[in-house]
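Whenever a hint applies, use it, and build me the whole structure from the sequences.
Below, each chain spelled out in residue letters.
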Amino acid sequence: MGRERQAIKRSGSINRLEATRHLVNRAPQALIIAGPGNAKFDLADTGDRPQHFYLWNSLGLAPSVGLGLALAQPKQQVIVLDGDGGTLMNPGALVTIARLAPLNLLHIVWDNGQYQLTGGQPTATATVTDLPAMGRGAGLQLVATVTTMNEFEIGLETWLTESGPWLVVAKIDASPAPARPPKDPVWIKLRFMQAVNKSN
Amino acid sequence: MTWTDIVFERLKANALEMVCHVPDSVIAPLITRVEADPFFTVVPLTREEEGVGILTGAYLGGRQGCLMMQVSGLGNSVNGLASLAIPYQIPFLILISQRGELGEFNPAQIAMGKAARPLLDSLGIQHFTLRRMDEVAALTDGAIKTAYTACQPVALILSTELVGWKNER
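Going line by line, the protein sequences match chains A and B.
Under the working numbering, the first residue of the first sequence is numbered 1, with each subsequent residue one higher.
Under the working numbering, the first residue of the second sequence is numbered 201, with each subsequent residue one higher.
Hints listed in this document are in silico derivations from the structure and should not be mistaken for laboratory results.
The structure presented is a predicted model; accordingly, all values stated were derived computationally and were not measured.
Errors might be hidden in some of the hints.
One-sided and incomplete, this derived list gives chain B residues near chain A with beta-carbon spacing under 8 Å [said to hold, decoys possible]:
(1) Pro244
(2) Arg247
(3) Val252
(4) Ile254
(5) Leu255
(6) Leu260
(7) Gly262
(8) Ser272
(9) Gly275
(10) Pro287
(11) Gln289
(12) Pro291
Only part of the chain B face toward chain A is listed, based on derived beta-carbon distances under 7 Å [what the hints assert, rightly or not]:
(13) Ala258
(14) Arg263
(15) Leu284
(16) Ser322
Covered by chain B, per the in silico footprint, the following chain A stretches (three or more residues, Cβ under 8 Å) [unchecked claim]:
(17) 45 to 57
(18) 71 to 81
(19) 181 to 194
Each residue gets a CB set at the ideal place from its N, CA and C atoms; glycine is no exception.
Below is the structure:
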């Protein structure tokens with residue numbers, strides 16, 4: 001009674017750390033906002049840099065932070081790395097990004113269909129929910145889904161060169177993310193703001 | 201001059217150029233004013249907590265801003281304030297249209313209205329209440345200055361003593 005009855009789908013084959021490494025190599029100047037959970041852990045694993053902003057909590061707000069930054073710095077490439085849990089926490093962010101439509105925003109959702117950090121409880125994307133369709137329904141025109149590393153690498157060349165806002169749902173595996181970024185929020189902020197200033 | 205005219209002028213004079221809002225009938229004329237002025241970037245939200253994230257990103261990018269909402273939205277914003285704006289020290293102005301005090305007709309507005317100031321106090325967010333026309337300009341300027349000095353959000357509460365209430369029963 002009242003339990004989720006749909007079969008749980010297998011998550012994708014992309015390794016989040018490998019894809020994050022590739023992204024950082026291809027977009028070394030980009031300003032990157034990383035959502036709470038494994039998105040920020042794997043970003044830290046690629047090598048901590050000033051142009052990384054790590055959210056230590058605030059599930060759901062990574063794309064909102066990215067939107068504000070993209071509007072404030074329209075000439076800078078802004079990349080948001082978030083998970084399926086964060087996206088489902090604040091789907092309104094997709095709506096607001098679609099309304100404001102900043103050309104310089106690339107929003108990547110690492111989707112493995114689970115709250116990986118808390119024990120792998122399935123998210124709604126493991127059964128019934130279609131995040132790319134939610135993005136399109138919110139009004140986003142540029143939505144991509146990739147399920148293999150090869151597709152991610154090919155797609156990235158487009159997402160980095162053609163105006164956005166892009167929503168990319170990357171189906172990833174469930175590899176753990178052991179790295180940890182710096183933990184002082186004010187230091188993270190001040191260092192990031194210096195990086196923004198230098199890039200102007 | 202109405203309170204709307206004065207707050208509009210003070211937002212502009214203090215360069216709070218990004219305005220994030222969920223509409224409220226009291227704040228509506230102010231939203232109309234900022235939308236008509238290209239100085240402002242206006243971001244309509246689906247939920248007030250989004251605005252905490254957007255104003256954080258804007259501040260990281262060197263822009264100042266204001267989050268406008270009815271007091272209900274404060275409840276919707278709590279974790280964003282507690283986990284992002286406060287620990288990362290992100291300043292902005294929060295303009296709150298108060299409900300649940302003098303002249304309220306809606307029973308579902310009372311509890312959040314009463315909780316607003318204790319909630320702000322428990323988060324350590326300074327707040328000031330606009331009650332009279334002759335104090336609107338000074339309190340708005342002062343709240344903005346303190347927010348950017350403290351690197352914290354500061355709230356301005358629009359009381360129904362200033363903005364009135366509906367005749368509805």
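Hints and how they fare:
1. Pro244: Status holds, d = 7 Å.
2. Arg247: holds (5 Å)
3. Val252: With a minimum Cβ separation of about 7 Å from chain A (threshold 8 Å), the hint on Val252/B holds.
4. Ile254: holds (4 Å)
5. Leu255: OK, holds: Leu255/B within 8 Å of chain A, min 6 Å.
6. Leu260: With a minimum Cβ separation of about 5 Å from chain A (threshold 8 Å), the hint on Leu260/B holds.
7. Gly262: holds (6 Å)
8. Ser272: violated (15 Å)
9. Gly275: For Gly275/B, the interface hint is violated, since the closest Cβ of chain A sits about 16 Å away, which is over 8 Å.
10. Pro287: At 4 Å from the nearest chain A Cβ, Pro287/B passes the 8 Å test, so the hint holds.
11. Gln289: holds (5 Å)
12. Pro291: violated (11 Å)
13. Ala258: holds (4 Å)
14. Arg263: holds (4 Å)
15. Leu284: Since the shortest Cβ distance to chain A is 4 Å, the answer is holds.
16. Ser322: For Ser322/B, the interface hint is violated, since the closest Cβ of chain A sits about 17 Å away, which is over 7 Å.
17. 45 to 57: holds (count 4)
18. 71 to 81: holds (count 4)
19. 181 to 194: This one holds; 6 residues, not fewer than the three required, reach chain B with a Cβ under 8 Å.
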